[in-house]
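J.: The task is simple: from the sequences and hints, build the whole structure.
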Amino acid sequence: MKIAVLSGKGGAGKTFVSVNLAAAAESARYLDCDAEEPNGHLFFKPTDTTEETVTVPLPVCDAERCTGCRTCVEFCRFNALAYVGDKWMVFPEVCHSCGGCTLVCPEQAISERKEPIGTAVRGTSGNVRISSGFLNTGEVSAIPIIETLLGDADADGLTVIDCPPGSACTVMESIRDADYCILVAEPTAFGVHNLQMVWELVSLFHKPHGVLINKSTEADNPAETFCKENGVDVIARIPYEPTIAELVSEGKIAVREDEAMRTFFAELLTQIENTVSGEETLL
Amino acid sequence: MKKLLILSGKGGTGKTTVAGALIDLFRAKAYADCDVDAPNLHLIIRPTEEAKTTEFYGMDKAEINPDLCVSCDACRTHCRFHAVEVQDGTYRIDPYACEGCAVCTAVCPADAVSMKPAGSGELYLYEGERVFSTARLSMGSGNSGKLVTAVKQQLYAAIDTAATEIVVLDGSPGIGCPVIASMSGADFVLIVTEPSVSGFSDLKRILATAHGFGVKTGVCINRYDVNEAQSDAIESFCQNEGIAFLGRIPYDPNAVRAVNEGIPITKTGGEAAKAMKKISLTLSAML
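So the sequences go chain by chain: A and B. Under this note's numbering, the residues of the first sequence are numbered 1 to 283, in order. Under this note's numbering, the residues of the second sequence are numbered 1 to 287, in order.
It is possible that some hints are incorrect.
Taking lysine to aspartate or glutamate and the DMTMM-like style, the derived pairs with C-alpha atoms no more than 20 Å apart in a straight line are [to be verified]:
1. 45/A - 152/A
2. 87/A - 112/A
3. 114/A - 147/A
4. 207/A - 233/A
5. 207/A - 179/A
6. 204/B - 250/A
7. 61/B - 74/A
8. 277/B - 165/B
9. 216/B - 165/B
10. 207/A - 94/B
11. 278/B - 235/B
12. 2/B - 24/B
13. 116/B - 74/A
14. 29/B - 187/B
15. 278/B - 24/B
16. 252/A - 228/B
17. 87/A - 74/A
18. 252/A - 225/B
Just so you know, these hints were derived from the structure itself, not from any lab.
T.: Have a look at this one:
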C-alpha cells in the first residue's frame with residue numbers, strides 16, 4: 001500500500017506525519033519526494049547509505065555538422081536554444097529534455113549527454129528503508145528525482161510518500177500511484193485555503209483521502225468547519241503540544257520517544273489500511 | 001525602487017506573516033504574492049477593490065484529432081512525459097502530463113496532432129491607492145515559474161516605478177522554478193527561518209540558491225523561543241558566513257489570531273509585532 005502525505009501549505013507537518021507513520025509500522029519504506037527541501041533524513045539519520053546521481057538528457061551540438069539552419073531553435077517551445085554569431089547555445093535551466101531538437105535537426109548534429117541535477121540517497125533506520133531526493137541548488141525541476149524515488153516503492157508492504165508543498169506538477173507526480181492520500185491541515189485560515197487546493201487535486205484524481213488536523217487547538221477551527229461543510233473525513237487530530245514541537249525541532253522521531261505517539265500512529269495506520277482494503281472490496 | 005523578496009526554503013516558517021507585517025510597516029504601495037501554488041497574502045492584506053482577473057496561458061498543449069490519427073504509436077513512443085494514452089484503441093493526450101514540447105506534432109506522419117492554448121491559472125490585480133498583484137495556478141500545472149514572472153510583470157506595469165520606493169514580494173517555499181523566477185531582479189532576499197533541524201537545513205539550501213544567482217540576503221528567525229539552542233546555532237552560522245542577521249521573532253499566540261482575523265501581525269500590538277518593528281528598521285537601513 002502506498003500512502004501519500006500532502007498539505008498544500010508548507011510547515012503543516014507533512015514530514016512529521018510521514019516519518020512517524022513509517023516508523024510506527026512493522027516495516028516500511030519512506031520516500032522523501034520534497035527534493036527541493038528534503039527533511040526526512042534529518043529525523044531518520046539513515047545508515048549504510050548509497051548515493052545515486054540523477055541525470056537528465058541535455059542536448060549537445062556537433063559544430064562540424066551544424067549548418068546554422070536554426071530548425072532546432074525554432075522548434076524548441078521552451079526557448080532553450082539559440083544560435084548567435086555562428087554559435088549554437090543551450091540554456092540548461094529552461095530545457096525540458098524533451099528530445100525535440102535531436103529529432104528535428106536535418107543534419108543529425110544534436111545528441112544528448114547526461115546532466116546531473118541531484119541525487120537519490122538510500123539507507124536504513126531500524127524498521128524503515130529510506131529513499132530521499134536532493135535537488136542540486138540552482139536546478140529548476142525535481143520531477144526526474146521524484147520519478148526515480150517512486151521506482152523504489154515496494155509492490156507489497158507499506159510505502160509512505162512525503163510530498164512537496166503546493167499543488168503543482170511535483171505534487172501531482174508524487175501522488176500518481178498512491179492508494180491513499182493524507183491531507184495534513186493546520187487549523188488556520190492559511191491552512192484551510194491551501195487544504196482546499198490539495199483537496200481539489202486529490203478529488204480530481206479520484207484518490208481516497210482523509211484530513212489530519214495537526215497542531216489542533218480547539219474543536220471549533222477553520223479546518224474543522226471546512227471538512228464539515230464539504231463532507232471531508234477528518235481521520236485524526238493531533239493537538240498542539242510543546243513537548244512534541246521540541247522533539248521535532250531536535251530532529252527526533254516522536255513514535256520512538258513517546259509511547260502515546262506510537263499508539264496513535266499505529267492506530268492511524270490500521271485505520272487507513274482498513275479504509276483502503278474496504279475500497280478494494282467495493283471495487 | 002527597491003524590490004524586497006521574502007523566502008524561507010522550508011514552508012510554514014512565517015513568510016506571509018512577515019511579508020504582511022513589512023507591507024504594513026513600510027506602508028508599501030506595491031506588493032505581490034509570488035506563491036502561486038498556495039497563495040495566502042490576500043487573506044491578511046485584504047484588498048477592498050474588485051480584482052481585475054486575467055486568464056493565464058502557460059505552454060500550449062497537444063491535442064490529437066481522432067479522425068486523422070492512424071494509430072501508428074509514434075507520438076506515444078517519442079513522448080518523454082508519458083502524456084499519450086491509448087484507450088480502447090483511441091489515442092489521446094493527458095493534459096496534466098503534457099508539457100507542451102510539441103515532439104508529437106513533429107513525429108506524427110498524419111498531421112493529427114496540433115498544439116492548442118491551455119489556461120493554467122488566473123492573475124488578479126487589485127488597483128487602488130495600493131497595488132496588489134497575485135495569482136492562482138491551476139491544479140497540477142507545471143507553469144509556476146512563468147506565472148510568477150507574469151505576477152511581477154503585472155505589478156510593475158500597473159505602478160509608477162520611478163515614484164515607488166519599495167515593492168514587497170511574498171515568495172514560495174522550496175528552491176525550484178517558482179523561487180528562482182521570483183528571485184530574478186530582487187534587490188534583497190529576506191529569509192524567514194525557524195529554529196529546527198529542518199528549518200536550518202532548508203535555510204542553507206535557499207542561501208546557496210540565492211548566492212548562486214548573486215542576490216543579497218538576510219536572515220531572521222521566527223518563533224525563536226521554540227528552541228533557543230537552535231536559534232543560537234543559526235545566528236552564529238550567519239555571523240560566520242557573513243550573512244546579515246536581522247533579528248528574532250518570538251512565538252506569539254497573536255500570530256494565529258491575526259491570520260484567522262485577516263489582519264497583519266503588526267496590528268495586534270503583541271511581542272511579535274514589536275520584534276517586526278525592530279527588524280523593519282534594520283532592514284530599511286540596509287536597503
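J.: Now, for every hint given, state plainly whether the structure supports it.
T.: Now the hints, each set against the structure:
Proposed proximity of residue 45/A and residue 152/A is supported: the alpha carbons are some 19 Å apart, at most 20 Å. With a C-alpha separation of about 17 Å, the suggested pairing of residue 87/A with residue 112/A holds against the 20 Å cut-off. For the hint pairing residue 114/A with residue 147/A, the CA-to-CA distance comes to about 16 Å; that is within 20 Å, so the pair holds. Restraint check for residue 207/A and residue 233/A: the C-alpha separation of about 13 Å stays at or below 20 Å, so the hint holds.
A threshold of 20 Å between alpha carbons decides the hint, and for residue 207/A with residue 179/A the separation of about 7 Å falls inside it, so the pair holds. For the hint pairing residue 204/B with residue 250/A, the CA-to-CA distance comes to about 17 Å; that is within 20 Å, so the pair holds. As the CA atoms of residue 61/B and residue 74/A are separated by approximately 17 Å, the hinted pair is consistent with the 20 Å bound. Of the supplied pair hints, the one linking residue 277/B and residue 165/B holds, its CA atoms being roughly 18 Å apart against a limit of 20 Å.
Under the criterion of a C-alpha separation no larger than 20 Å, the hint pairing residue 216/B with residue 165/B is consistent with the structure, at around 18 Å. Our distance criterion of 20 Å between C-alpha atoms is met by residue 207/A and residue 94/B, whose separation comes to about 17 Å. A C-alpha spacing of about 17 Å is found between residue 278/B and residue 235/B, which places the hinted pair at or below 20 Å, so the restraint holds. With a CA separation close to 16 Å, the supplied pair residue 2/B and residue 24/B stays within the 20 Å bound.
A distance of roughly 17 Å separates the Cα atoms of residue 116/B and residue 74/A; the hinted pair therefore holds under the 20 Å criterion. Proposed proximity of residue 29/B and residue 187/B is supported: the alpha carbons are some 17 Å apart, at most 20 Å. Distance check on the hinted pair: residue 278/B and residue 24/B sit about 13 Å apart at the alpha-carbon level, within 20 Å; holds. Taken as a hint, the residue 252/A and residue 228/B pair is honoured in the structure, with Cα atoms around 16 Å apart against an allowance of 20 Å.
Between residue 87/A and residue 74/A, the direct Cα distance comes to roughly 15 Å. Compliance with the 20 Å bound is thereby established for this hinted pair. Of the pairs offered as hints, the one joining residue 252/A and residue 225/B holds, with about 18 Å between alpha carbons and a cut-off of 20 Å not exceeded.
Of the numbered hints given earlier, the model fails none.
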